[in-house]
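J.: Make the full structure from the sequences, and use the hints.
Those protein sequence lines, which keep their order, are chains A and B. 70 is the number that the numbering used here gives to position 70 of the first sequence; each next residue is one higher, with no gaps. Every number in the numbering used here is 1000 more than the matching position in the second sequence, counting from 1.
Please keep in mind that the hints were generated in silico from the structure rather than gathered at the bench. Among the hints, a few may not be true.
[Said to hold, decoys possible] Think about it this way: if two alpha-carbon atoms lie no more than 25 Å apart in a straight line, the pair counts; the simulated SDA-like pairs of lysine to any residue are:
#, chain 1, residue 1, chain 2, residue 2
1, B, 1003, A, 7
2, B, 1003, A, 58
3, B, 1003, A, 57
4, B, 1073, A, 44
5, B, 1003, A, 41
6, B, 1003, A, 19
7, B, 1073, B, 1060
8, B, 1073, A, 58
9, B, 1070, A, 53
10, B, 1073, A, 50
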Amino acid sequence: DAGVTQSPTHLIKTRGQQVTLRCSPKSGHDTVSWYQQALGQGPQFIFQYYEEEERQRGNFPDRFSGHQFPNYSSELNVNALLLGDSALYLCASSFRDTQGETQYFGPGTRLLVL
Amino acid sequence: AQKITQTQPGMFVQEKEAVTLDCTYDTSDQSYGLFWYKQPSSGEMIFLIYQGSYDEQNATEGRYSLNFQKARKSANLVISASQLGDSAMYFCAMRGPFRGGYNKLIFGAGTRLAVHP
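T.: Printed below as a string of C-alpha cells:
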C-alpha cells in the first residue's frame, strides 16, 4: 500500500521564477492538503483540494495556486518566487473531510529560492 | 482564534525512560480533533496519535499515549520506554471545525526531543 508521494524531493529556483510541485495521495484517499514549513517552524496550511475543487485556503497570496486531477493527485504552483518562499512543502492526503479523519503526509519537497 | 502552544523548544530523556511533551490549545469550538506528529530529520511528518474532543478516554497507540485534559485545554503526549529512534521534532496539531469545515490542521511550533543512551 503506497503512501503519499511527492516530487521532486529538492528544487532550486531563482527569484521571479515559477515552480510546480506534485503529490500523489495514499491509496483510497481523495482529499489533498498542502502545507508550507519554514525552517524551525510548524507547518502552515496553504489550501485543500477535494473533488477537484479548492475547499479552503490559508493566508497565502494568489501566487500560490493548485490543481487536483481526476485520479486525486495534485499540483502546487508558485509564481513569481520570493526568497521567503524557501521552505519544505508538505502534501497530506485523507479520505473525505470528516471529523477525526487523519491526514497522512508525504516526504515533502525542499524548495530553495536564490 | 484557534491556536496550539508547545512551550518546550527542546527536551532530552534517557533511553528507556518516559517523557511528556506539552501541548495546550485554544478554541471556542466544541468539536475538534487533536493530533501528534513526529518529524525526523528527513522531513516527513509521521502520524502518531489522535484524540477527539468528545472521546472520554485518553488515546493510546503502542508506546504513545495522549493525556487529554479538556477543561485545561491540554493534550500532552507521553512516550514510554524511549528509544534512540524517538529522537525527532514532535508537533501537536488541532483540526476543525473551522469556519464550517474540518479542513485544515493548525500546528504548534514543535518540540525537539533528544534521546540519550
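J.: Now look at each hint and say whether the structure bears it out.
T.: Here is what the structure says about each hint:
1. B:1003 <-> A:7: violated, 31 Å
2. B:1003 <-> A:58: Status holds; Cα separation ~14 Å.
3. B:1003 <-> A:57: holds, 17 Å
4. B:1073 <-> A:44: Roughly 22 Å between the alpha carbons, so the hint for residue 1073 of chain B and residue 44 of chain A holds.
5. B:1003 <-> A:41: holds, 14 Å
6. B:1003 <-> A:19: Measuring from Cα to Cα gives roughly 31 Å; hence the hint is violated.
7. B:1073 <-> B:1060: The hint holds at about 18 Å.
8. B:1073 <-> A:58: holds, 24 Å
9. B:1070 <-> A:53: violated, 35 Å
10. B:1073 <-> A:50: violated, 31 Å
Hints 1, 6, 9 and 10, counting from the list given before, are not met by this structure.
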